[in-house]
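Going down the list, the sequences are from chains A and B. Using the working numbering, you'd call the opening residue of the first sequence number 1 and step up by one each time. Using the working numbering, you'd call the opening residue of the second sequence number 487 and step up by one each time.
Errors might be hidden in some of the hints.
Said to hold, decoys possible - Derived lysine-lysine pairs resembling BS3-like cross-links, with alpha carbons at most 27 Å apart:
id, chain 1, residue 1, chain 2, residue 2
1, B, Lys622, B, Lys591
2, B, Lys614, B, Lys591
3, A, Lys480, B, Lys515
4, A, Lys229, A, Lys288
5, A, Lys379, B, Lys591
6, A, Lys379, A, Lys482
7, B, Lys591, B, Lys568
8, B, Lys568, B, Lys614
9, B, Lys515, A, Lys482
Treat the hints as calculated values from the structure; they're not laboratory data.
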Amino acid sequence: MSVAMLLAVIGVLALTGFVLSRQRALASAGGNSRALHSLPNYYGWNGAIWVLVPALAGLSLWLIVQPMVVESRISADLPAALVADDSARALTMADVRRVAGGLDQAVAQGAMSEAKAREMSTGAVDVRAVLANVGVALGSNVSPEVLSAAQDYRAMTAWGAAARTILILVLAVAGLFWGVSRAQQDYRARIAVERVVLGILALASSIAVFTTFGIIWSMASETYDFFTKYPIQDFFFSLTWSPNFRGNSDLGMIPLLWGTLYISAVSLLVAVPIGLFTAIYLAEYASKPVRNWVKPLIEIIAGIPTVVFGIFALVTVGPALRDWFAEPLGLGNSGSSVMTAGIVIGILNVPFISSLSDDIINAVPQSLRDGSYGLGATKSETVRQVILPAALRGIVGAVLMAASRAIGETMIVVMGAGAAAQLSLNPFDALTTMTVKIVGQLTGDTDFASPETLVAFALGMTLFVITLGLNVFALYIVWKYKEQYE
Amino acid sequence: MTDLAALETAPSPRATPGQSIYVTSPEMKRRNAAETRFRAYGLVAIAVSLTMLAIMLFTILRDGSSTFFQAKLSFPVELSEKVLDPKGNRDPAEMAKVTTIGYAKVLASALLAELERQGIDLGELSDKEAAELISKDAPGGLRAMVLDNPALIGTTIDATVLAGGRIDGYLKGRVTMESAQLDSNISPEQLQLADRLRTAGILSSGWNWGFFTNPDASDQRPEAAGLGVALIGSAYLMALVALMCIPVGVAASIYLEEFAPKNRWTDAIEVNISNLAAVPSIVFGILGLAIFINFAGFPQSSSFVGALVISLMTLPTIIIATRAAICAVPPSIRDAALGVGASKMQTVFHNVLPLAMPGILTGTILGLATALGETAPLLLIGMVAFVDNYPGLPLEGVLDPATALPVQVYSWASRSDPAFIERSNGAIIVLLVFLVVMNVAAIWLRRRFERRW
Numbered sequence: 001m002s003v004a005m006l007l008a009v010i011g012v013l014a015l016t017g018f019v020l021s022r023q024r025a026l027a028s029a030g031g032n033s034r035a036l037h038s039l040p041n042y043y044g045w046n047g048a049i050w051v052l053v054p055a056l057a058g059l060s061l062w063l064i065v066q067p068m069v070v071e072s073r074i075s076a077d078l079p080a081a082l083v084a085d086d087s088a089r090a091l092t093m094a095d096v097r098r099v100a101g102g103l104d105q106a107v108a109q110g111a112m113s114e115a116k117a118r119e120m121s122t123g124a125v126d127v128r129a130v131l132a133n134v135g136v137a138l139g140s141n142v143s144p145e146v147l148s149a150a151q152d153y154r155a156m157t158a159w160g161a162a163a164r165t166i167l168i169l170v171l172a173v174a175g176l177f178w179g180v181s182r183a184q185q186d187y188r189a190r191i192a193v194e195r196v197v198l199g200i201l202a203l204a205s206s207i208a209v210f211t212t213f214g215i216i217w218s219m220a221s222e223t224y225d226f227f228t229k230y231p232i233q234d235f236f237f238s239l240t241w242s243p244n245f246r247g248n249s250d251l252g253m254i255p256l257l258w259g260t261l262y263i264s265a266v267s268l269l270v271a272v273p274i275g276l277f278t279a280i281y282l283a284e285y286a287s288k289p290v291r292n293w294v295k296p297l298i299e300i301i302a303g304i305p306t307v308v309f310g311i312f313a314l315v316t317v318g319p320a321l322r323d324w325f326a327e328p329l330g331l332g333n334s335g336s337s338v339m340t341a342g343i344v345i346g347i348l349n350v351p352f353i354s355s356l357s358d359d360i361i362n363a364v365p366q367s368l369r370d371g372s373y374g375l376g377a378t379k380s381e382t383v384r385q386v387i388l389p390a391a392l393r394g395i396v397g398a399v400l401m402a403a404s405r406a407i408g409e410t411m412i413v414v415m416g417a418g419a420a421a422q423l424s425l426n427p428f429d430a431l432t433t434m435t436v437k438i439v440g441q442l443t444g445d446t447d448f449a450s451p452e453t454l455v456a457f458a459l460g461m462t463l464f465v466i467t468l469g470l471n472v473f474a475l476y477i478v479w480k481y482k483e484q485y486e
Numbered sequence: 487m488t489d490l491a492a493l494e495t496a497p498s499p500r501a502t503p504g505q506s507i508y509v510t511s512p513e514m515k516r517r518n519a520a521e522t523r524f525r526a527y528g529l530v531a532i533a534v535s536l537t538m539l540a541i542m543l544f545t546i547l548r549d550g551s552s553t554f555f556q557a558k559l560s561f562p563v564e565l566s567e568k569v570l571d572p573k574g575n576r577d578p579a580e581m582a583k584v585t586t587i588g589y590a591k592v593l594a595s596a597l598l599a600e601l602e603r604q605g606i607d608l609g610e611l612s613d614k615e616a617a618e619l620i621s622k623d624a625p626g627g628l629r630a631m632v633l634d635n636p637a638l639i640g641t642t643i644d645a646t647v648l649a650g651g652r653i654d655g656y657l658k659g660r661v662t663m664e665s666a667q668l669d670s671n672i673s674p675e676q677l678q679l680a681d682r683l684r685t686a687g688i689l690s691s692g693w694n695w696g697f698f699t700n701p702d703a704s705d706q707r708p709e710a711a712g713l714g715v716a717l718i719g720s721a722y723l724m725a726l727v728a729l730m731c732i733p734v735g736v737a738a739s740i741y742l743e744e745f746a747p748k749n750r751w752t753d754a755i756e757v758n759i760s761n762l763a764a765v766p767s768i769v770f771g772i773l774g775l776a777i778f779i780n781f782a783g784f785p786q787s788s789s790f791v792g793a794l795v796i797s798l799m800t801l802p803t804i805i806i807a808t809r810a811a812i813c814a815v816p817p818s819i820r821d822a823a824l825g826v827g828a829s830k831m832q833t834v835f836h837n838v839l840p841l842a843m844p845g846i847l848t849g850t851i852l853g854l855a856t857a858l859g860e861t862a863p864l865l866l867i868g869m870v871a872f873v874d875n876y877p878g879l880p881l882e883g884v885l886d887p888a889t890a891l892p893v894q895v896y897s898w899a900s901r902s903d904p905a906f907i908e909r910s911n912g913a914i915i916v917l918l919v920f921l922v923v924m925n926v927a928a929i930w931l932r933r934r935f936e937r938r939w
């Protein structure tokens, strides 16, 4: 029975559970719903839950575990030469799955009988030609080992599917009987149902934690893999980055880190003054109508996708900087440069800094301003000598968060910064960043056994640690700051 | 004491005897000038960012609006049976043996015949060069049309076919006589012929529906590239993200806002949510590649994997917005419901949630708008691949290779032909229109249902 069919059956059983439980509870109270502990529908829901929860939990567990078990059994049976290392194993298993899928299709289309698919051998039939006829193209001829592994694979999968159907149906029916049998006048159905709902709510809120675990686990395991294939000190301290897909690459991250930090620094030089002055003007000087118009306009910038800023860098800012500054000054002739990416990321971060600083400036108590004005200070003197020092911690927090965003920004640097991994001080040179190289190494066909691919995970891990560290530190500073005035 | 004495003896700038206090002292002038300057810095800062925004939107509109018009050639085409169905039995399998090259010849000779009929001089161009005005994509379209409807064979139809990308660029002013001289794909003589075709009414510019329906096209034929696959892909993405994010996000917010006990686990959840919102989007792409594609074995480039990744990214945003909306419902509502005997769960689902709904919807729409523009993680899970087949209908179709609007913007921008930059800007305009619609809907919802307690 297919999974969709199984789900439909579970649904029907759940509905049955709902109706039967509700009726049984009402009957036990002699049709008087006021004599029941809970509202009648709660009894119904209780019945449905007893069908749904065990069956669905069992089904998802089975769907996750079965492929893992089948694959490990199959690859254990394959000759050692075909599964010598991880990449060979992955390739062979992909072949096995493809052949098995092809056989399934051949049977489904009627090109061969089930018995023939189970028993044929490479000696008697040209498997590749047969599968090509049903629309499954194979890269090479099928070896006898792979064919027999594929036949085993099909057999085990079919056996698994049958066992799954039986187990899930048993679970669902048992749940149905158990749930209906609980539907009695005194059974506290509402409390039972609410407990399950609460569990679901708690599970949903835990997804954030699972995501973080997923991120860390996915990157940490591949990063570990990478460091078994490439020396860790070379990655962190080597000054050259020159990946070579034939092997023997230099994968030092220093040039990438330098590009990332340089571009982020330029972006902060743009974003911090503009964002801070914008926030000061809006918070302290602007009249209400001006504020109501300008604030949303600035925030439009934050709503524009970064790929649009990338195009802006590529088509407008880059060539303009090249023609007006870099070439007249003799500093280079590249449209993509540190300045291009830095300025555009800076503009992108202006609304971020201005709205955070706006909140922070507004959190400075009015009494400090009043005190300053009372001593005869002008508005700007108050801002510079009273408000900014008072708000300094919070603003530093905002700047750190902006730095973390600049470091992790991808599309603008991919389109505006270039791809040259070098250690250069010239702001009009094309540099590259960690994010650019992650995209570069992971786009297209990836081979999870080569250090050239795995290095992207090490880069991602580094990026994750840096941005997370900056952000946690910034949140801590802002939190301390807010506490100061509460 | 010494300070006081100094104050008494030093001539205070304002206390000059006999001078009115209304006359500004030099000291005060300096301070006022500093005040004016400081104010001006603020205005300059605002002006700089708004000018940049204006320049950006202006260049996008300038470079992109022409995408919505397209140069087309209209001329009668005789679909001769001899060429297109040599056996004459209208058997689709037989007819399919005539390749696009055969159809290209039909189109070329039809165009030349029309030129001759109207007496348009080819100048120094050979017949082949004149036929190059027709897009390389046109024969394929004609072939599909004929194979769909074999009855057309033997008739003469009024065909409207795409003109080549350079001719399109010439009508839009991107290609000029000077640039054509340096271009191996077009010559100034061909452009002059295009001018004559235009006066004769054969070449004209019309609304470009193909941009919204065609799939992507190869490097050589920018004129045929469209957003069809990207629009479907983005629609699938948004639908799936909404389906996955809204229930989970609302459930998580309800738990954290109304039920969560104060303990280490809920603290961990809180910290995680605020930090996940700040994790670079590319990291989510790595997660998707490693877990959903490499470990779980979902198909690469599919909108389903894209939606999973984007959902994980969008979830924190939606949770933060939903919690704010739930928090804004006053405690008196809860107290009243609890007071008449509702359970905590009933209070939340019957009273708090309906009242928080407008706020939740607003936050969700804004979160989805951000998700629509997300690009970087989709690159890693392979949605940047060249896809020229439409993905299938939903449920199965979400596993087919697809691409998305912002990714299409990126992949066109990285091609060499400037005609693709035009397409890229056109795609941005489409993307921005969707974003504006979503934001306006959110603002409208907020205005319409906002309640002051």
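- When the hints from earlier in the document are held up against this structure, which numbers fail? 3, 4, 5 and 9
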